[in-house]
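> Go by the hints and put chains V, B and Y onto chain U.
Here the protein sequences come in this chain order: U, V, B and Y.
Take the first sequence: its letter number 227 is residue 227 in the working numbering, and every next letter is one higher.
Quick note, the working numbering runs 1000 ahead of the 1-based positions in the second sequence.
Quick note, the working numbering runs 2000 ahead of the 1-based positions in the third sequence.
Quick note, the working numbering runs 3000 ahead of the 1-based positions in the fourth sequence.
These are computed hints drawn from the structure, not numbers from a lab.
Think of the CB as a built atom: it goes at the ideal place given N, C-alpha and C, for glycine as much as any other residue.
Check the hints yourself; a few may be wrong.
Partner residues are not named here, just some residues of chain U that face chain V (Cβ under 7 Å, in silico) [claimed, not checked]:
(1) Leu57
(2) Gln78
(3) Gln79
(4) Asp93
(5) Pro104
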Amino acid sequence: MAEIKLDLAHAYKPNPQRDEDYALLPLEMTFRDGGAYALLGPSGCGKTTMLNIISGLLQPSQGTVCFDGQDVTARSPQQRNIAQVFQFPVIYDTMTVAQNLGFPLKNRKVPKEQIAKRVGEIAEMLEMSHQLDMRAAGLSADQKQKISLGRGLVRPDVSAVLFDEPLTVIDPHLKWQLRRKLKQIHHELKLTLIYVTHDQVEALTFADEVVVMTRGRAVQVGTAEDLFERPAHTFVGHFIGSPGMSFLPIQASASGMKIADQVVTVPQQVSVPAQATTLGIRPEYLRIFPNDQAGCLAATVQLIQDVGTYILVTCAVDQTPVRVRLSPQSWRPDMGENVYLQVLDAHTCFYCEEELVV
Amino acid sequence: MNNTDKPSNQKAWLLVLPVLICVAFSAILPLMTVVNYSVQDIFSPTRRIFVGTEWFTMVMRDSELHAALARQVTFSLSVLAVQIPLGVALALCMPASGWKASATLVLVALSLLIPWNVVGTIWQIFGRTDIGLLGHTLQQLGFDYSYTGNPTHAWVTVLIMDVWHWTPLVALLAYAGLRSIPDAYYQAARIDGASKWAVFRYIQLPKMRGVLMIAVLLRFMDSFMIYTEPFVLTGGGPGTSTTFLSQYLTQKAVGQFDLGPAAAFSIIYFLIILLFCFVLYNWMQNVGKSQQQG
Amino acid sequence: MELTLENVSKAVYGQPYLYPFDLTLEPQQVTVLLGATQAGKTTMMRIMAGLDKPSAGRVWVDGVDVTGRPVRQRNIAMVYQQFINYPSMTVFDNIASPLKLARKGNVKEQVQALAEKLHIEAFLERLPSELSGGQQQRVALARALAKNAPLMLLDEPLVNLDYKLREDLRAELSLLFATGNSTVVYATTEPSEALLLGGHTAVLDKGELLQYGPTADVFHRPASLKVAKAFSDPPINLVQAQRTPTGVRLANSQEVSITLPAQSDQALTLGIRANALRLVGRAADIAIDGQVELAEISGSDTFVHVDTVLGPMIAQLTGVHDFELGANVQLHLDPSHAYVFEASGALLVAPELLREVA
Amino acid sequence: MFKSLFTPRNLFLFVYLIFALLPIYWMINMSLKTNNEILSSFSLWPEDLTFENYYKIFTDPTWYSGYINSIIYVFINTAITLTVALPAAYAFSRYRFIGDKHVFFWLLTNRMTPPAVFLLPYFQLYSTLGLMDTHLAVALAHLVFNIPLAVWILEGFMSGVPREIDETAYVDGYSFPRFFLTIFLPLIKAGVGVAAFFCFMFSWVELLLARTLTSVDAKPIAATMTRTVSASGMDWATLAAAGVLTIVPGAIVIWFVRNYIAKGFAMGRV
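Just chain U, same shape as in the assembly (with noise of 0.2 Å):
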């Protein structure tokens, strides 16, 4: 298992000017050794680039990679003793299960038996230990990407596996319990992980570290719990929960505060940074009054979505969408009715220029 520290950048182009030319902006960044950390971002966003210069399939055009101190940047993935899987599952068709598993073991002439008892250990933890004499290519999907991780984790040293897009190919019943394998396996190995995926349940769940990305860029590291409480980046809020953040112009001005052109008075608890241009609060913290309150905004109520578990209403606020979270069983406006929102509490994140100020 290796600490796996990144300083360093990769551009399209030999010399890069503006950020477009860049697929992955400079950055630095460390994985902790025996880490689980998810790459989260939308299509394009630089994280699969950024998981393939991890493991040695692609050299960044500046900048080192370090595996426990040492520069391993001009190595190759086999030097760096990494394991990955891949979107589509990469198995070797013509062997049995049993063969796939021993297959990096036997490339490095590691005795028999030695090769047949650690393929026992890993098939158990990956509950296949009654498929290992059936050919590989007629297993399904799920069972195969276990193969796959079964490659690299059947080498003692390996240094980190790393997962690209997995669950892809998955039938979605079957999705969450490969995740749950995931992490028990996680939980027994202590191994560095590290998942890239577009799906934020994905993330969330499987690492206890989640770095969000955007155009090339990193823009928050932080637990499930720091992304959905403390979003450091408008992106951030916006691309964590489901639906995320509303954002609203804000402005400080001597009569109050003056949010999207209605001044509000600023409840006592809550401090609103002076140079704060953008104010964030998410759809479960928004309160909805039939009637005026301190601090309260004037809205009106464009649509109401009966989404079972809960109810979403969505109003607005002088053209800006605001989404409101309900319990079913709480009360809920009609449709057009003028309702009160009460935006400033505990939970408001105030942004200036799309970056947190608190």
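Then chains V, B and Y, alone, in the frame of chain U:
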């Protein structure tokens, strides 16, 4: 072609009709005449008598035909034995992408574009001891090589000519098979520390299986009906050492003009080809299917 | 436009794809076809469109029998799962092609308006293959809208898109459907998508049309156990129970007091939706002990997979909660929030929508 | 850079390329010499390089008429094959119908039938129809190979186009002909190009039928070349020049279809 979820629509027959008419005119009609001749003895267009399977039995017992068939089978098998491994090796050495790949592809495939008789002519010139580079060089090295005089020399030269002419087909098919392998397989192999041989044995060969089968069957059938190249190079000689089935049939049909045996033999020849076609057709089905599963 | 399927069924090579059913689509409304993969959604949709003929039964449009009529003579629009556009044409020509064929009004203007509506006006001169998945699907949507057909069919249009992109595009779609005046049929496997789109929902399972009605009603009052299962994500928790004078007795002989109608089977099934389970108990709640198998965090909710004496159960908690694997936890259930089904699967009791004043 | 050049892979490829190009080089070398220089001395490069042989081919009607005849019947054949094969390939690719598998298999057997088997019947058929020694005769005779090949190649390319595109076009209101010409054909341009190339090539290359079915005014180049072998004395130089000229058409076109060559040879199955 025929996976189940395609809608069935009998109107599609209208689209296929033109093909049927053309191919019927140029295939069924002639085949009927061949069958017609194979069961009759024709003295003149007006006088014919039905002889049943006499021609067939005669052809079956014709020792000369057996010799020609034996030569043909050995030739076709040796063609496979040389061209399949050579073609695969060539495909493995060809560059994967970029202009180098295109240039190599064109140079390698050039021999496939040359009219079959010109291939014969090229080797006819190339092999002559007086004016040919190959013949002259061998003679300088003190090796009295003559593809017109010595039967084994002739046979080997025809084989080398066929290898020179058709190996690129096997190489192209193998190359296409290699190109269909997703890059992730090579990455996984590198990560698992697989040796070059292991990569070939466990990734490239299994993926090329479907394509190679097509190459084997195509090459076997095409070589099984070879006519022009040996005819131009050695004219079937010296003696009958390089007279293969097609040439034997042509001599019988057009040369000695005894239609009965020639027609009977044509039918037998066609049935042999039909058998191999059946194997190729079924194999191509699962190539199509295995590609879908990917 | 009113579409009616009368006693329609479909079988291919004797293999039944759709069992005989009757269905009249609510005109000018969104009808969601909800069901797992292979439930028969696409088959039903293709029969509605006229792309396939039913094995039996008739298809009526505004009282006219159109069963055999080829799709060319039917005025419909369709959007496929894999962003189908004409690859050899530019985006502009793609959107304009139905307009040009119908020779209706100023083509250039209409295409420009549609492109702006779907935020793809910048790509009009590009080829579809140069665009991202989301943009390609927007082009297909624009072309379907261009036809302004009375019947518009969408076959799982968002399934191949990124998680967050799906959310944004779904919000746009429900707005588009609300402003349009055509009858819309939308196929999906995700219950949350059906709920968010609202309108009416037809629940399908293994080729059977189970129930059709307003989406909220079908969710809150499923006609049978099969409908409840099909319409719950995460899956509904099912607990076997025996009827007692005061309510039901569970497998672990725990008594639950529920008011039941006079007649019912002795053996019943209790249906508990994930959001009905809470960590903090209230007065009349019953408690169920278990160990945490996995906590899945979706940003706004946490789905806790708990192994209890009554079998595996899933609880849905608002916000971000983290649990150690194997931690002991107690789930609390308000009996009035549970569904009760007969042994045959028919619905016996559905929880009343309790309205608490804010 | 130097070290990477001499890897075993490149060496093997280099050796094979020499083996492949040497005979062709030798023929070109011969075609630039005069007959007596060929017979008198043995040299790797012509001393007095002449284009006399090529000049002779381009002026002597018996030679260049062979090329023209070959080109005529090859074009007729390719034209008929494509116009007939396109709709059939579409039917095989899109629909299931009674006997579709059998017809497809029967087409394959035709492609694989040795020309020798058809020699006799064609001879009879065409003489009764009075078609002997006409371009049409050879064009029709070659249909038996080229149509199956074209159908298979086109069907292979057409199956690459998702069926939903057809349906979307019908939904948009396209009629079948308009859809086929404006939307479908541009998508399989490459397929049509490859099918045309392979029809051209197989027709251009075939000798047996072409020679038997023609005598004077439709005699292809392949026949004229074999005739000179038995003519008075070996006119090697002209023969070599004629051989070089037959390679030219293939060599030109191959660059355009180079990416699809394998798919063409494997009849669209790769």
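> Could you work out which of the previously given hints the structure breaks and list their numbers from low to high?
3
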